[in-house]
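A.B. asks: Okay, here's what each chain looks like letter by letter:
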Amino acid sequence: MIPDTYLYILLGMGIVTYVPRWLPLVFLSNRRLPEWFEQWLDLIPAAILSALILPILITAGEPRHLDLLRPELFVAVPTLLFAVKTRSLAGTVVVGMLLFWLAGIFI
Amino acid sequence: MHPETHTDHWAGILKDGVIGAWPICLGYLPIGLAFGVIAQKAGLSPLEIGLMSVLVYAGSAQFIAVSMLSAGAGLIPIVLTTFMVNLRHLLMSSSLATSMHNLGTGRLSLFAYGVTDESFALNSAKFRGGRWDWRRALVLNHTANLAWIASTVAGGFGGEFIPAGAFGIDYALVAMFLCLLIFQLRGMLYVIVGIIAGALAVAIALLIPGNSYIVIASVIAAALGVVIRRARPFPRAEGQS
Numbered sequence: 001m002i003p004d005t006y007l008y009i010l011l012g013m014g015i016v017t018y019v020p021r022w023l024p025l026v027f028l029s030n031r032r033l034p035e036w037f038e039q040w041l042d043l044i045p046a047a048i049l050s051a052l053i054l055p056i057l058i059t060a061g062e063p064r065h066l067d068l069l070r071p072e073l074f075v076a077v078p079t080l081l082f083a084v085k086t087r088s089l090a091g092t093v094v095v096g097m098l099l100f101w102l103a104g105i106f107i
Numbered sequence: 001m002h003p004e005t006h007t008d009h010w011a012g013i014l015k016d017g018v019i020g021a022w023p024i025c026l027g028y029l030p031i032g033l034a035f036g037v038i039a040q041k042a043g044l045s046p047l048e049i050g051l052m053s054v055l056v057y058a059g060s061a062q063f064i065a066v067s068m069l070s071a072g073a074g075l076i077p078i079v080l081t082t083f084m085v086n087l088r089h090l091l092m093s094s095s096l097a098t099s100m101h102n103l104g105t106g107r108l109s110l111f112a113y114g115v116t117d118e119s120f121a122l123n124s125a126k127f128r129g130g131r132w133d134w135r136r137a138l139v140l141n142h143t144a145n146l147a148w149i150a151s152t153v154a155g156g157f158g159g160e161f162i163p164a165g166a167f168g169i170d171y172a173l174v175a176m177f178l179c180l181l182i183f184q185l186r187g188m189l190y191v192i193v194g195i196i197a198g199a200l201a202v203a204i205a206l207l208i209p210g211n212s213y214i215v216i217a218s219v220i221a222a223a224l225g226v227v228i229r230r231a232r233p234f235p236r237a238e239g240q241s
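Keeping their order, the protein sequence lines are chains A and B. For the first sequence, the residue numbers in the working numbering are 1 to 107. For the second sequence, the residue numbers in the working numbering are 1 to 241.
A few chain A residues facing chain B, derived, Cβ under 8 Å:
#1 L11
#2 V16
#3 L41
#4 A51
#5 A76
#6 F100
To be clear, the hints were calculated from the coordinates, so they are not data collected in a lab. A virtual CB, placed ideally from N, CA and C, is assigned to each residue, including glycine.
Please put together the full structure from these sequences, using the hints given.
C.D. replies: Take a look at the structure:
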């Protein structure tokens, strides 16, 4: 089932994964960037985190559809409140896991 | 050698980086084990699984590659799909580049290997919070990398080891992302950009299969943020990390 070309597939996958990780670091660091570009990059982490997380919370299935009844979403609300209140990463991870575990048992 | 901070002892750097990586390691454990189990069922040996985790080191792309391998797909389709799935790192590395100062190509190349969604999110917050540098970030990257390699190989030996859903471990990365998102919301503009990015991501995710929604939504939302900022300067909340 696994083709003889497996190693070449891995090398190909490795190269196309590494290059996008590598290019911007080498070409953008140690360089003065235009102000608008700096401002844009400054907003990227907030944008990416939100774009990563929201679809996980409120969409499900294949093909994806909206689903507002997921435990992921219910648990996110108190977890977010805890993060806002304490600003503790460790605490938030532990509380989120605990609530998700409890949700799995009781819901 | 660069005249860098001599006050930092290597042991302290190592400790900070390894300890900093724990939420990622915790989160990678169940995903890595699950990947190992699936890959083993698809016919890969633990060695072949470990090799993929070392050479590629990208969670979702590895899952997709294994399912494509089982479906009999060849080199070109798998590599192209991997490229599409991992293109989002271009954005993350661009953002991280603003935190890298006076580093040579060699060090940057070493650092680039460990850029994942999780390490990007965590390192971004830590750079912002201060008392963080590229060495600590590098240790964090490679600690997470080791956790990924080890858990995928362990899964490849055929063990889930952790019962499904145990201790809510599947939620570790979601909770980490939620908290890191809060850390990034350092003022009204960031909140607005976050809301736009989230709404766009959901809309695009519902319309287009795959994960291109991450890049498209982030690029547009951050661009709109720059436009809003230039039209109406927001006061920035300083001192928050």
